[in-house]
Amino acid sequence: MDKTMTRFSRRTALVGTATALALILGGCSGAAKDAGTSSEPTGEPQRGGELRVSIGAEPIAPAFDMGTMAVTSVGTASIATLAYNGLVDFQDGQPVPELATAWKQTSPTQYVFTLRDGVKFTDGTPFDAAAVKFNLDRLLDPNGTGANLPPSLESVEVSAPNEVTMNLSAPAGGFVASLRRGRVMMMSPTAVAQYAKTDPFKASVGTGPYKFEEYKTGQYIRLVRNDEYWADDNYLDSIKISILPDPTTSMQAFVNGELDVLGVTPAQLAQVESRGNSVIKTSISNTFNYVSFNQSVKPFDNVDVRRGFSAAINRDGIAQGIYQSYADPASGPLSPKIGDAYSDLSGLASQTFSTDKAKEFLKNGNFDFGTTVPFSTFTQAPFSTEADAVAEQLQNIGVKVDLSKEEFGSWAQKIYTAKNFTVMNSGQTTATVDPDEILYPLFHSKGDLNASSINDPELDKLLDAARGEQDPQLRAQMYQQASKLIADKAYAAFTVYPQKIAATSPSVGGYEFTEGGTNPLSRVWLAK
Amino acid sequence: MSVIEAVPDYDRPPKVREPAPSSGRLRRIARTLLINAAQLGIVGLAATFLMFVLLRTIPGDPARTVSGPGGSVSPEQIARIRSELGLDKPVVVQYFDWLSAAAHGDLGKSLVLNDSVTTLLSDRIVVTLQLGMYALAFALLVAVPLSVLASRFTSDRANRSVRLVGTLGIAVPSFWLALLLIIAFQNVLPTFGYSSISDGVGAHFQHMILPTIALGVGMSTLLFETTRASLIGTLNSDYVRTARSFGIPERRVYSRYALRNALLPTVTIAGLEMGALMGGALLVENAFAVPGMGRLLVQSVLARDYTVVQGCILVLVIVVVSVNLLMDVVYSFIDPRVRTDNA
Amino acid sequence: MPESFGAALSPSSPIAPNTRQRRRFMARILSLPGQKVAWSILFVLVSAAVLAPLLAPHSPNVQDLTSTLAPPSGEHLLGTDDLGRDQLSRLLFGLRTSLAISAAVTFGVMVIGLPLGMLAGFTRGIANTVIARLIDVGLALPSLLLALALIAAMGAGVTSTVIALVAGYTPYLARVTRSVVLKIREEEYIDSAAVSGVPTWRIIVRHVTPNMIESVSVQLTLIFAFTVIAEAGLSFVGLGIQPPTSSLGNMLALGSTHSIDLPLMSIVPGCTIALVVITLLVCGDGLRHALDPRSNR
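Residue numbers (this note's numbering), protein chains in the order written: chain A, 3 to 530; chain B, 152 to 494; chain C, 689 to 985.
There could be a bad hint or two in this list.
What the hints assert, rightly or not - Below, simulated DSSO-like cross-link-like pairs (lysine-lysine); rule was C-alpha separation at most 30 Å, straight line:
(1) A:Lys122 with A:Lys283
(2) A:Lys448 with A:Lys486
(3) A:Lys242 with B:Lys260
(4) A:Lys365 with A:Lys339
(5) A:Lys365 with A:Lys402
(6) A:Lys199 with B:Lys260
(7) A:Lys365 with A:Lys491
(8) A:Lys421 with B:Lys240
(9) A:Lys339 with A:Lys204
(10) A:Lys283 with A:Lys491
(11) A:Lys204 with B:Lys260
(12) B:Lys260 with A:Lys218
(13) A:Lys463 with A:Lys300
(14) A:Lys300 with A:Lys283
(15) A:Lys361 with A:Lys486
(16) B:Lys240 with A:Lys339
(17) A:Lys204 with A:Lys300
(18) A:Lys300 with A:Lys491
Since the hints were made in silico from the structure, they are not lab data.
Given the sequences, and given the hints that come with them, work out the whole structure.
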């Protein structure tokens with residue numbers, strides 16, 4: 003009798019626990035499943051309120067000093083656009099005035115910008131031509147670590163208190179676009195001179211709609227409204243950006259109503275809908291994901307081997323399975339959003355899924371199926387999930403793959419610094435508006451992000467010429483040619499054009515994805 | 152990550168020694184403590200040196216974290232950043248530079264984050280210590296009264312039920328428990344974040360309740376089992392029986408005789424578990440986005456933020472030494488018959 | 689105390705390597721209440737792990753991008769994950785991975801920790817102090833720190849996880865071993881044996897080892913159980929076993945990200961972890977009771 007009692011009590015304990023857990027979880031999700039989504043507030047924007055959002059990674063120091071490499075960190079630069087402006091902004095495929103009210107191209111290699119009057123940085127320093135020169139000189143400084151230098155920029159002169167003249171070393175078609183907010187931003191010279199070396203956060207003074215007020219490392223960054231802003235579309239009193247590295251926590255926080263906006267992956271949409279009243283916003287942009295092959299490692303210097311690997315990738319499957327169709331299959335580096343430079347490359351065998359063709363390519367390339375190919379990726383969704391899918395698809399055509407995963411920092415150093423890899427996958431996630439910004443860094447032999455040792459003289463010539471071409475039609479055609487070359491020679495295997503997805507609470511109005519990289523929160527307002 | 156040390160077999164009475172004269176006893180305790188402190192200190196320093204070297208052998212360059220991984224940063228610029236950060240000197244020199252600065256209270260500046268190491272550490276250690284203390288307090292508050300209650304039932308079945316509860320408390324991973332707690336208390340308690348006491352006691356505790364429970368449950372079941380077993384043993388021992396036979400009321404038997412001795416293993420395990428608490432705190436800190444040392448450590452190792460990691464290790468070593476010494480003190484006062492340098 | 693030594697010295701000690709003794713030993717364990725259930729569950733779990741390739745309805749890594757995150761169905765009894773892989777198969781193979789890692793870690797800890805602890809117990813003077821303090825510091829530095837450094841150096845995966853966990857748990861075993869050896873060292877009969885000229889190694893083998901087996905084997909069972917949880921913790925921070933290899937830990941970590949819409953994805957691995965750990969601990973208890981007949985717990 004003693005034994006039966008024990009069995010009963012143990013089993014009861016286990017079953018009871020499982021039931022209790024199931025009840026808790028089931029009950030909660032059941033209760034919250036009302037309507038799936040609702041809609042945004044309408045009417046005139048209202049002023050006031052604190053917006054609560056999150057980011058997944060801690061910004062590095064110098065976090066918001068846009069004269070340093072920090073500007074290339076996508077998350078950081080996007081937050082920075084809440085506090086800074088650029089000379090121009092970008093809308094509907096065109097640069098529009100921001101801190102510069104007008105500009106003219108006085109010669110193929112010279113531009114003159116007229117600056118907006120009466121603008122001040124939040125520390126009182128006036129915004130003028132000297133300030134513009136100061137900021138751009140920082141990028142030009144060979145000893146500095148500035149990035150996003152506008153193409154071919156050689157020097158900047160103050161031609162009048164509110165006028166700046168920029169001299170180029172060669173013509174550049176995308177020059178004005180490269181000076182946009184999100185890419186090159188204006189910081190207060192006084193603050194930078196005083197604080198940049200010792201306390202980068204204090205140096206982060208701009209002219210933007212909000213200003214940095216507080217940064218508690220590990221916890222949050224808070225911005226407050228800039229009451230002296232030169233425009234009036236900064237509606238919020240403050241914005242609190244909590245640092246939440248764990249996606250489960252941020253999802254829970256959003257569902258509990260502790261966050262107003264959340265960036266989500268497609269796989270998380272079902273959970274967002276359990277909040278019952280969230281608004282889903284999506285946007286297609288110029289970003290793409292890809293698999294790249296290190297051409298300094300045999301046999302990836304052979305074009306047919308690369309084509310074979312590329313043809314093994316089931317792009318439709320990835321777009322549907324991983325992205326729940328919130329992505330389009332890609333066959334080239336330029337998405338339809340880029341405008342005239344886009345061409346439909348889905349006919350290329352090197353970027354189309356076909357296991358037979360893939361094997362054929364590999365046979366032509368004399369690929370040795372006995373070797374194991376190292377595939378390096380990093381532990382962040384959805385890239386690591388894509389890597390899993392691609393590795394599996396490669397194995398389906400008989401290729402032996404050794405997939406290794408590291409956290410992003412180590413991976414980035416391995417790939418870009420040490421160039422110690424064979425196959426890797428990544429995504430081009432910066433907000434880009436000009437084909438030069440997309441193609442040059444990755445595929446030009448002198449490109450910053452060209453970790454795969456791509457060195458194609460014909461491609462280089464094309465990219466250099468396109469960069470300098472002034473006629474938009476000709477330029478677009480050149481980029482079409484360049485992308486076709488890149489896709490056909492499988493310098494990368496393009497997988498999908500992912501959409502950006504954000505979930506917002508129904509009281510959030512004015513959330514707009516932007517093309518140029520300006521933070522979608524910059525014109526947001528809260529309905530009471 | 153915690154391990155139960157095999158509960159001491161209380162049936163085996165501790166070695167009886169001649170009680171030493173009081174003044175000599177204090178002096179002996181002090182002497183032993185000093186020797187222990189010195190030993191631990193030396194080993195602790197060795198540990199910091201080891202970690203110093205280990206960090207610099209891991210592939211990955213903090214200069215790259217600062218400058219960004221892109222290829223546009225030239226080798227000369229990297230070299231310049233490295234020398235600014237002091238990374239171009241020989242390792243031993245770097246270590247002694249660091250050590251001498253540390254002796255003056257200057258732990259350097261974080262290579263990656265926007266703060267000095269001292270600020271970072273002091274902010275974060277406060278949080279982790281609070282979390283640890285609350286968890287320990289929670290564990291004791293739950294375990295001790297329950298074990299007093301449960302010590303009345305000594306049947307086999309009772310023993311097994313207790314054991315089952317104990318294993319359950321340990322078997323559920325703390326981060327999963329954290330998630331379950333968040334779900335269970337959604338809309339009642341905040342999901343994430345931290346609010347310091349100076350910003351409002353109410354908000355502080357609101358943010359700390361769930362992390363405390365998530366961290367403390369495992370330890371509370373452990374302490375519950377241990378204390379109960381120890382209490383049962385003590386209650387059956389000779390001197391308690393003697394006390395009872397003298398007619399001393401049960402309440403006093405418990406509080407004056409039984410509990411004091413029964414708490415010995417409790418203290419031991421609580422002390423041993425401090426290290427495990429740090430590791431467990433990390434997972435809980437991650438789940439609740441609490442800005443503690445655990446999270447700082449993970450972030451910093453991954454970002455190769457040498458200065459911060461070094462600072463953390465120094466703090467850890469100091470904590471280890473202090474806890475060890477504290478335990479020795481408590482031990483020697485609770486039971487003067489136990490030798491203070493016994494394992 | 690003398691009784692236990694009588695037992696140890698006699699040829700029919702409980703751990704004599706003799707089938708009849710072993711069977712009697714096992715029978716003694718099973719006769720304790722609750723042990724039959726626990727050991728049968730353990731048997732089922734270990735068999736499931738060992739026989740996973742035969743039992744799993746699908747291959748655990750096969751992806752089906754047309755049915756990702758699917759709820760349970762006839763085809764996939766526990767649904768699919770974010771790449772359409774069958775959860776039941778991944779669970780079985782994950783159990784296999786986790787148990788294998790725990791076994792490897794336990795073995796490693798034993799191989800390094802035992803000699804270390806015995807060395808710490810037998811030596812005297814400075815050597816004793818140094819090793820003892822090393823163990824103390826090793827105990828206190830969170831094993832996670834060492835795990836982080838190793839994983840940052842070697843990349844995440846099976847090897848680095850095993851090494852990291854071995855480094856983390858060895859101090860515990862060493863410490864216990866050392867304290868047992870210290871206790872035994874104080875017994876008079878050891879001194880008398882030493883005085884009468886019995887060589888040290890023989891003392892170790894005949895007298896120390898039998899008495900150590902109880903504490904040590906209990907510790908090892910505990911370490912085995914805790915490794916399962918430790919691996920889960922590492923996977924939670926993204927540093928443990930990486931997909932596509934499935935482990936109970938990374939299944940729980942991944943499942944947690946869907947706790948709202950697909951609670952089963954986290955409940956199943958979570959409960960499995962709990963079940964494995966509880967079973968191991970209860971079996972360990974049985975082992976302890978059987979080895980120490982005077983135990984009244």
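- request: If any of the earlier hints don't hold here, list their numbers in rising order.
  value: Violated: hints 1, 4, 9, 10, 14, 16, 17.
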